[in-house]
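Novice: The lines below spell out each chain.
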Amino acid sequence: MKLLLEKLKTIDTDIKKRKPLIHHITNYVTSGDCANMALAFGASPVMADALEEMKEITGAADALVLNLGTINKNKFISMLAAAKVAKMRGIPILLDPVGVMASQMRLNMAQELINNGVQIIRGNYAECRALLGDKNFGQGVDAGNACDDKGEFARQAAQKFNCVVAITGAIDAISDGRQVIIAHNGHELLTKVTGAGCMTTTLIACGAAVSDDYLATTVLGITAINIAAQHAAAKLQVGEYSGTFKAKLLDAVCNLQGTIIATEFKGKSI
Amino acid sequence: MKLLLEKLKTIDTDIKKRKPLIHHITNYVTSGDCANMALAFGASPVMADALEEMKEITGAADALVLNLGTINKNKFISMLAAAKVAKMRGIPILLDPVGVMASQMRLNMAQELINNGVQIIRGNYAECRALLGDKNFGQGVDAGNACDDKGEFARQAAQKFNCVVAITGAIDAISDGRQVIIAHNGHELLTKVTGAGCMTTTLIACGAAVSDDYLATTVLGITAINIAAQHAAAKLQVGEYSGTFKAKLLDAVCNLQGTIIATEFKGKSI
Amino acid sequence: MKLLLEKLKTIDTDIKKRKPLIHHITNYVTSGDCANMALAFGASPVMADALEEMKEITGAADALVLNLGTINKNKFISMLAAAKVAKMRGIPILLDPVGVMASQMRLNMAQELINNGVQIIRGNYAECRALLGDKNFGQGVDAGNACDDKGEFARQAAQKFNCVVAITGAIDAISDGRQVIIAHNGHELLTKVTGAGCMTTTLIACGAAVSDDYLATTVLGITAINIAAQHAAAKLQVGEYSGTFKAKLLDAVCNLQGTIIATEFKGKSI
Chain A
96 MKLLLEKLKT IDTDIKKRKP LIHHITNYVT SGDCANMALA FGASPVMADA
146 LEEMKEITGA ADALVLNLGT INKNKFISML AAAKVAKMRG IPILLDPVGV
196 MASQMRLNMA QELINNGVQI IRGNYAECRA LLGDKNFGQG VDAGNACDDK
246 GEFARQAAQK FNCVVAITGA IDAISDGRQV IIAHNGHELL TKVTGAGCMT
296 TTLIACGAAV SDDYLATTVL GITAINIAAQ HAAAKLQVGE YSGTFKAKLL
346 DAVCNLQGTI IATEFKGKSI
Chain B
96 MKLLLEKLKT IDTDIKKRKP LIHHITNYVT SGDCANMALA FGASPVMADA
146 LEEMKEITGA ADALVLNLGT INKNKFISML AAAKVAKMRG IPILLDPVGV
196 MASQMRLNMA QELINNGVQI IRGNYAECRA LLGDKNFGQG VDAGNACDDK
246 GEFARQAAQK FNCVVAITGA IDAISDGRQV IIAHNGHELL TKVTGAGCMT
296 TTLIACGAAV SDDYLATTVL GITAINIAAQ HAAAKLQVGE YSGTFKAKLL
346 DAVCNLQGTI IATEFKGKSI
Chain C
96 MKLLLEKLKT IDTDIKKRKP LIHHITNYVT SGDCANMALA FGASPVMADA
146 LEEMKEITGA ADALVLNLGT INKNKFISML AAAKVAKMRG IPILLDPVGV
196 MASQMRLNMA QELINNGVQI IRGNYAECRA LLGDKNFGQG VDAGNACDDK
246 GEFARQAAQK FNCVVAITGA IDAISDGRQV IIAHNGHELL TKVTGAGCMT
296 TTLIACGAAV SDDYLATTVL GITAINIAAQ HAAAKLQVGE YSGTFKAKLL
346 DAVCNLQGTI IATEFKGKSI
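Chains as they are written, first to last, in the working numbering: chain A, 96 to 365; chain B, 96 to 365; chain C, 96 to 365.
Hints are supplied without guarantee of correctness; some may be wrong.
Identical chains blur together in the list; that is why a pair holds if it fits in one copy or across any two.
Derived lysine to aspartate or glutamate pairs resembling DMTMM-like cross-links, with alpha carbons at most 20 Å apart [to be verified]:
id : residue 1 : residue 2
1  : K330      : E359
2  : K114      : E207
3  : K361      : E101
4  : K182      : D244
5  : K168      : E147
6  : K97       : E359
7  : K182      : D308
8  : K287      : D109
9  : K111      : E283
10 : K112      : E283
11 : K114      : E283
12 : K112      : E101
Since the hints were made in silico from the structure, they are not lab data.
Bound conformation, chain A alone:
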């Protein structure tokens, strides 16, 4: 764990130094929030999804985020094209399988993207179960208590998909197929703002853009938003709730430093 915590600091420093460009093909609900998150963490976002420009846009990016929210056929074709460019260039591809348990189309798309090769998948428990074929598990349900099972489940998924898999929620489980990190920094208010998952994936991408230790970059992104949520929640005054929290969450990510993230990280390797 000590090594991992040291890595979190290095990766965070590198994000601030290199200001990586994160290409998002994403939904229209939370795209503005994700762009602001990337800026807050020290990276530079670009949202673009026209097939004609994927070669150039992904061609200049340092990481590619594929988010299945409000997906449609056209965007998916652009995702495949962008993924091809990312693969050729060796930049990381992150998949956020939003709502993949809710439609066969999304599940098919997610599987095709995974088959083409992705480096990191981040979803909630229901989404990750759907990816493993358990489509009827539920809608956004999060099995926060089943901590050890969640870790084992992340490991299995990571092995099957041959990439890092993060199952986020009250408790987070991150695995590269061998090591499993269980993290406990989650905050309940993150469930009260839309796009917390999407923003987490963006933060993970910022790290993955500057380091190929994808287990560490995934822990970094998740821990960053969780600790930021704790900081933001701690500053809320009587009567303040999700609206003020959302603004303060962005403030808190701006103020994060690698040392803070490493110091406040609560979790273990299993």
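Position chains B and C relative to chain A; hints supplied.
Specialist: For chains B and C alone, kept in the frame of chain A given last:
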């Protein structure tokens, strides 16, 4: 009115208990705000508009919101498909006829959706007049003073469209074709943030998802955002305006309870 | 300069008086922010991009904003149709060439729109250089120090494109091909929120909708957001950053008056 106020409490409690899933086919300008509103009120939002998944997404939802902002042909085809599923399943369909006075295409779409059967329409005065064939009335103009006429107008529209019609503005008129409720909780700051109308429709949908007393659920949603706006405005400090108001509006919706809404409701049945 | 400052006041007053309707064909990342900005400055926004309704929507608008963020073929076709209507009606067309240095498709689209006639172009340095054929200049890089060159560059671009060109950044250069205004009100926090450029273009459009002195309206919009950013930043408390800044920026635009803008403007004509 006493019965209505009691219902507001029950419906609000049921939203919090059942956390209904609200399927939105909506515009890209305010979709994030609507999603956050649904969460703030205790419901769960899903935004999706690909034709291929309408059967499953609407098939799992408790209410369907059709919002004509930034509409196009493809989204409209998905709306028709989703409406079909909603009708078959008996879940409520809400129409927000954004800008329907501004283009023939939107008017045609709104009419086709209404002909297919909707349970609740919420628009401003100009939008509702356009639906009744008076297209040249204006752009977003709100006849706040013509209180009694507005009520009568809501009643006529409700009778014609055979559903609940809400005309929102400084004064709100809600009718199911027989009863008319005139509500006076509107706040001027709601005209300074984009999407106040869309968010109102979302809040109405949260109630309609758990109760088929659509007159009551419409009064609930409208009163909820209006009272939240009053609470938010009361907390603004010198120099704070629409930006801070927007955050505090969301806070205030989080803090609402059915008893507060029922107690602070100002209005009458005519 | 004195004349210019007087004009800023008049234009600002006219926006508040006439509440012009600003038709945006724009991206889904910052469209909500732009709509809120238009409202904050006293105008009325409409976002619409379906080809079928361009004739009516642009036909009722007082200015047309064409923003190339998240552009695709369909939206571009609507832009051409809307531009045709705007031209026929004599209302101003504003081009925001978002990311035009990053893809040949965007560059081609920007050039075609410019060839069809636009009144105002606002971009950052890299975007404006790309428009002039220097595509490999960089990604969002802003040459803040090269003040005099930037002015000369704006003048050349304005002459070439036969319209007002604004190059915004730490220092802003605005030219109509003859006069050049260099403005120094920029604030660094504007680089920490997504859509600062898009929102600036929206504010410029609010003025252009009520005055055909496009040099003055461009100075007004840019100075408005810059001064608002200064006011917002001055109110930030310890720990507050881009999230709170974004809300306070909108507050500050609401509170702006022509006299404040004219008094606090820092710049010169060269």
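Novice: Compare the structure with the hints numbered earlier in the document and write down the numbers of the violated ones, lowest to highest.
Specialist: 2 and 4
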